[in-house]
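Novice: The lines below spell out each chain.
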Amino acid sequence: MATSRGITFKLSLFILVSCTVIFTAIFGYNYLFSRRIIAKNIAESAKNLTSATVNKIDSVLQSVEKSPQNIAAFLEQSSCTKEEIMGLLRSAVESNPEIYGATIAFEPYGFDKGSLYFAPYFYKSEGETKFSYLGGDSYQYFYWDWYQIPKELDRPVWSEPYFDEGGGGVIMSTYSVPFYETVDGKRQFMGIVTADVSLAWLQEIVSSIKIAKTGYGFLISRNGTVLTHPSAKFIMNDTIFGLAEVLNDKNMRRLGRDMINGKSGFAPSAKNWICYAPLASSGWSLGVVFPKSELMADITNLNRIMWALALIGIAILFVVIILISRSITKPLRVLARATGDIAKGNLDFEMPAIKSKDEVGGLADSFIYMRTALKKYIKDLTETTAAKERMESELHIARDIQMSILPKIFPPFPHRSEFDIYAMLEPAKEVGGDLYDFFFIDNDNFCFVVGDVSGKGVPASLFMAIIKTLIKATAKDTKDPAEILNKVNKDIATDNTSRMFITIFCGVLNLKSGEVFYVNCGHNPPLVLRSGGESELIKGPGGPAVGIFAGLNYEKGRFLLGVSDTVCLYTDGVTEAFNERREQFSLERLKKELAANKNDSVRRIIERSVEGIKSFVRGAPQSDDITLLALRYFGKA
Amino acid sequence: MKRTIAFSALAFLFLASSASTETAPLKKVSFIPQWAPQAQFAGYYVAYEKGFYKKYGLDVTIINGGPDRLPSDYLKEGKADFATLWLSTGIEERSQGVKLVSLAQIIQRSALMLIAKASRGITKPEDLNGKKVGLWPSIYQIQPRAFFKKYNLDVKIIPQSYSVNLFLRDGVDAVSAMWFNEYHTIVNSGYDPEELTSFFFYDYGLNFPEDGIYTLEETFEKDPASCAAFVRASLEGWQYAFEHPDEALDIVLKYMREAHVPANRMHQKWMLERMRDLLSLDDSGVPSGILSPADYNRVAEKLKESDTIKEIPDFKVFFKGYRDYGDK
Chain A
1 MATSRGITFK LSLFILVSCT VIFTAIFGYN YLFSRRIIAK NIAESAKNLT SATVNKIDSV
61 LQSVEKSPQN IAAFLEQSSC TKEEIMGLLR SAVESNPEIY GATIAFEPYG FDKGSLYFAP
121 YFYKSEGETK FSYLGGDSYQ YFYWDWYQIP KELDRPVWSE PYFDEGGGGV IMSTYSVPFY
181 ETVDGKRQFM GIVTADVSLA WLQEIVSSIK IAKTGYGFLI SRNGTVLTHP SAKFIMNDTI
241 FGLAEVLNDK NMRRLGRDMI NGKSGFAPSA KNWICYAPLA SSGWSLGVVF PKSELMADIT
301 NLNRIMWALA LIGIAILFVV IILISRSITK PLRVLARATG DIAKGNLDFE MPAIKSKDEV
361 GGLADSFIYM RTALKKYIKD LTETTAAKER MESELHIARD IQMSILPKIF PPFPHRSEFD
421 IYAMLEPAKE VGGDLYDFFF IDNDNFCFVV GDVSGKGVPA SLFMAIIKTL IKATAKDTKD
481 PAEILNKVNK DIATDNTSRM FITIFCGVLN LKSGEVFYVN CGHNPPLVLR SGGESELIKG
541 PGGPAVGIFA GLNYEKGRFL LGVSDTVCLY TDGVTEAFNE RREQFSLERL KKELAANKND
601 SVRRIIERSV EGIKSFVRGA PQSDDITLLA LRYFGKA
Chain B
1001 MKRTIAFSAL AFLFLASSAS TETAPLKKVS FIPQWAPQAQ FAGYYVAYEK GFYKKYGLDV
1061 TIINGGPDRL PSDYLKEGKA DFATLWLSTG IEERSQGVKL VSLAQIIQRS ALMLIAKASR
1121 GITKPEDLNG KKVGLWPSIY QIQPRAFFKK YNLDVKIIPQ SYSVNLFLRD GVDAVSAMWF
1181 NEYHTIVNSG YDPEELTSFF FYDYGLNFPE DGIYTLEETF EKDPASCAAF VRASLEGWQY
1241 AFEHPDEALD IVLKYMREAH VPANRMHQKW MLERMRDLLS LDDSGVPSGI LSPADYNRVA
1301 EKLKESDTIK EIPDFKVFFK GYRDYGDK
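Each protein sequence line maps, in turn, to chains A and B. Take the first sequence: its position 186, counted from the start at 1, is 186 in the working numbering, and no numbers get skipped. Adding 1000 to a residue's 1-based position in the second sequence gives its number in the working numbering.
One thing to keep in mind: the hints can contain errors.
To be verified - Using 30 Å as the maximum straight-line C-alpha spacing, the simulated DSS-like pairs for lysine-lysine come out as follows:
{"id": "1", "chain 1": "B", "residue 1": "Lys1132", "chain 2": "A", "residue 2": "Lys113"}
{"id": "2", "chain 1": "A", "residue 1": "Lys263", "chain 2": "B", "residue 2": "Lys1310"}
{"id": "3", "chain 1": "B", "residue 1": "Lys1028", "chain 2": "B", "residue 2": "Lys1132"}
{"id": "4", "chain 1": "A", "residue 1": "Lys186", "chain 2": "B", "residue 2": "Lys1054"}
{"id": "5", "chain 1": "B", "residue 1": "Lys1028", "chain 2": "A", "residue 2": "Lys186"}
{"id": "6", "chain 1": "A", "residue 1": "Lys456", "chain 2": "A", "residue 2": "Lys512"}
{"id": "7", "chain 1": "B", "residue 1": "Lys1131", "chain 2": "A", "residue 2": "Lys233"}
{"id": "8", "chain 1": "A", "residue 1": "Lys186", "chain 2": "B", "residue 2": "Lys1156"}
{"id": "9", "chain 1": "B", "residue 1": "Lys1117", "chain 2": "A", "residue 2": "Lys250"}
{"id": "10", "chain 1": "A", "residue 1": "Lys56", "chain 2": "A", "residue 2": "Lys330"}
{"id": "11", "chain 1": "B", "residue 1": "Lys1055", "chain 2": "B", "residue 2": "Lys1269"}
{"id": "12", "chain 1": "A", "residue 1": "Lys56", "chain 2": "A", "residue 2": "Lys186"}
{"id": "13", "chain 1": "A", "residue 1": "Lys263", "chain 2": "B", "residue 2": "Lys1131"}
{"id": "14", "chain 1": "A", "residue 1": "Lys330", "chain 2": "A", "residue 2": "Lys292"}
{"id": "15", "chain 1": "B", "residue 1": "Lys1028", "chain 2": "B", "residue 2": "Lys1310"}
{"id": "16", "chain 1": "A", "residue 1": "Lys379", "chain 2": "A", "residue 2": "Lys408"}
{"id": "17", "chain 1": "A", "residue 1": "Lys82", "chain 2": "A", "residue 2": "Lys124"}
{"id": "18", "chain 1": "B", "residue 1": "Lys1304", "chain 2": "B", "residue 2": "Lys1269"}
{"id": "19", "chain 1": "B", "residue 1": "Lys1156", "chain 2": "A", "residue 2": "Lys113"}
{"id": "20", "chain 1": "B", "residue 1": "Lys1316", "chain 2": "B", "residue 2": "Lys1132"}
{"id": "21", "chain 1": "B", "residue 1": "Lys1055", "chain 2": "A", "residue 2": "Lys250"}
{"id": "22", "chain 1": "A", "residue 1": "Lys82", "chain 2": "A", "residue 2": "Lys10"}
{"id": "23", "chain 1": "B", "residue 1": "Lys1254", "chain 2": "A", "residue 2": "Lys233"}
{"id": "24", "chain 1": "A", "residue 1": "Lys408", "chain 2": "A", "residue 2": "Lys539"}
{"id": "25", "chain 1": "A", "residue 1": "Lys614", "chain 2": "A", "residue 2": "Lys636"}
{"id": "26", "chain 1": "B", "residue 1": "Lys1050", "chain 2": "A", "residue 2": "Lys250"}
{"id": "27", "chain 1": "B", "residue 1": "Lys1124", "chain 2": "B", "residue 2": "Lys1099"}
{"id": "28", "chain 1": "A", "residue 1": "Lys233", "chain 2": "B", "residue 2": "Lys1054"}
{"id": "29", "chain 1": "B", "residue 1": "Lys1156", "chain 2": "B", "residue 2": "Lys1304"}
{"id": "30", "chain 1": "A", "residue 1": "Lys472", "chain 2": "A", "residue 2": "Lys512"}
{"id": "31", "chain 1": "B", "residue 1": "Lys1054", "chain 2": "B", "residue 2": "Lys1254"}
{"id": "32", "chain 1": "A", "residue 1": "Lys186", "chain 2": "A", "residue 2": "Lys213"}
{"id": "33", "chain 1": "A", "residue 1": "Lys10", "chain 2": "A", "residue 2": "Lys357"}
{"id": "34", "chain 1": "B", "residue 1": "Lys1099", "chain 2": "B", "residue 2": "Lys1117"}
{"id": "35", "chain 1": "A", "residue 1": "Lys539", "chain 2": "A", "residue 2": "Lys636"}
{"id": "36", "chain 1": "A", "residue 1": "Lys213", "chain 2": "A", "residue 2": "Lys10"}
{"id": "37", "chain 1": "B", "residue 1": "Lys1310", "chain 2": "B", "residue 2": "Lys1099"}
{"id": "38", "chain 1": "A", "residue 1": "Lys263", "chain 2": "B", "residue 2": "Lys1099"}
{"id": "39", "chain 1": "B", "residue 1": "Lys1316", "chain 2": "B", "residue 2": "Lys1222"}
{"id": "40", "chain 1": "B", "residue 1": "Lys1269", "chain 2": "A", "residue 2": "Lys271"}
Hints are computed from structural coordinates only; laboratory data are not their basis.
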């Protein structure tokens, strides 16, 4: 269960984290890019909207400007009578619905040398055109803005808007045009023509600007006074600078300065964008507030929806990953349990069907095949092991039999003092084919044999037993070793279907003379340790190993053993005994070993030599038997 | 026993009620400031609203001032018992025979100033030479004219009305202003203080303390205690206004709205803060209300120099400091 959770967990974690990162990157980029595009579009449409509104307002103001401008021009061209002036003013007020009132105000004593003030004023009131004269001690119009500013500035001016004194809360502005007369070539200021204009329509135009839910337009005067604004409490009561002071907003003050200085632009702030442009006529400035969050609401919503969809997608992905990883890990769990069963040695567990055809299915198929193969293998192994055990026990028995046919009692002939003999066969792991034997042919002739059968195992040991028996049987009829071996060879080589052979050294010692006749059939040459000190290798004559060619006549050789001379026979298992470095013990080492102990008893010589061999090979497992035989002649009894 | 307690309780109630009816009835007086309601007069409105006048035994009616209501006329015609006037106006009226007396000098430091635009190269008095300067009429011209004389300036004086628009439109190079009023209006019309060059007459040895409380000599002589009480209550009102500016502004704005005057809280806040500077509070936050002979003589002498007055009225006759009268 832990492993299945592991794969599911890892898959879910890595895939979901990757998906989230990818989604975040895509959505983030998309969001920012969309925002930028929208902001750009808004800036553009903001400018268009603002300039369109500004043009609309300007066109109205400029149409109003015409009437007082025309009157001023008329007054400059010709001197008018009082009646003409009255007529001009009345028609200006009556024919222009936008004009609430109009006056022509002259400089002190400018129109009538007898009166300080002359300013006839026509105005609309309750649907009628009324008339009065402006000016008096309490209204010295020369010092009022509408008169003074155009006079000092020498140009027509829209006044700062003001509340209509007649009540009704109508915002008014006065357009004042100075007029002049030329006296003696000098242009001389004469007075001011004004038109009072209600700005109620201004409110309508500006308040028609609605952007999203809270976007709005506002208009400020040259002094920054709020002329229109959705919040009525600001109108005519606050300047943009006063509001900036309340909010402690330096950006707002900067914006206000730009606006009253006739600049236009697009000012971003934290919450809003403000697009602003001046009116060409009056120098007032229109600002349009674009609420950022509302204009970005769509993209924000879209982003939110995308995120919601992404979350749902990730949730679905999560479920799918879990299902897939379950479907993968379920057979894996089954296989894991099966593996556990196999580990416990149970191959007969029930294997649940795994239907999928994918890699896991393949694994399950392989697993089933493995189980079958394992079962078969174990069955075979059991049989083989049994067979091997049987064979080994047979080999063991063969070994025992082989060993048992070798003479093992030393000294074998304690009543004979002419010689002493000792032999040893150290078997290799497998059953080998070495043999040694010795026996009296008659009272004076003593036969001793060492052989080495080709091959190993039971056939070798059987062959060796046969050879031993044959030699012993043949020696009953003759004491000539050549004859013995000729006969043995003949018997073996004929019908030797197994093509086995044996190397043999067979010697017959005449106990009276110390004379040894021998035949060496392909065997290692024996070594004679003379009592005088030197050692002698007895080479040739001889012939090939016994059992190969029938009808051979072996040639016998002869040497003489002096008193206390010792002859040593050995098999190639001695000289070819090897250590871990694959170095052979060699004849030289054997010679030294034997020579070093030649004054000891034969038994001692053999034992020492065997010890020497063992210390040389240092426990390296030997493939050949090690056989040593030593015979010492003591002379005639 | 029970009867006795009930009886004595009744007796106590009777005594208590008779005691309250026995307190002196409030004296009915009226007061007119020089101008429409604004923080320049915060102390009086606050004193009224917080009941300080009543505390001093006065039932005050505050008459709204305005451009068409001259406080000196209201005093002369008996339409108001108390009024605020500039010290220079007070001296001028007195020397012209109007028997009025100063009860307290509220503003100690002249708020009158000239404002010029640094951008038009005006940074020191000499720079005003040959420029167009807007000046208010009559009494407002004494300090600037003395100032021009002092620096030997030849300026073109343009009559200035109630607004500073002529200055804002560059129709004049410098304009008269009250520090607590027009200065802030100009700043809140988009000029940064750094862009403006301010000439305070106070800084040029021309300190004409402005608003003081005046009454007719006759009124004063009839009831000096009430006059002193009016001053004390008004000064307490000022002290309270400075200690509770938000509350004071609420009161002022209420009066402004009632008088249908454009009411801008930030502007009134500025005005109240400047009044604090101009009133010269002592360490415990109390305005002194005292007219110093030095200030009096300076103003009177300049008025005489400018031929506004012929004779300098006797200071002792002119100023009836509230501290010398009344019961506190």
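Novice: Please write out, lowest number first, the hints stated earlier that are contradicted by the structure.
Specialist: Hints 2, 3, 4, 5, 6, 7, 10, 12, 14, 15, 16, 18, 20, 21, 22, 25, 26, 27, 28, 32, 34, 36, 38 not satisfied by this model.
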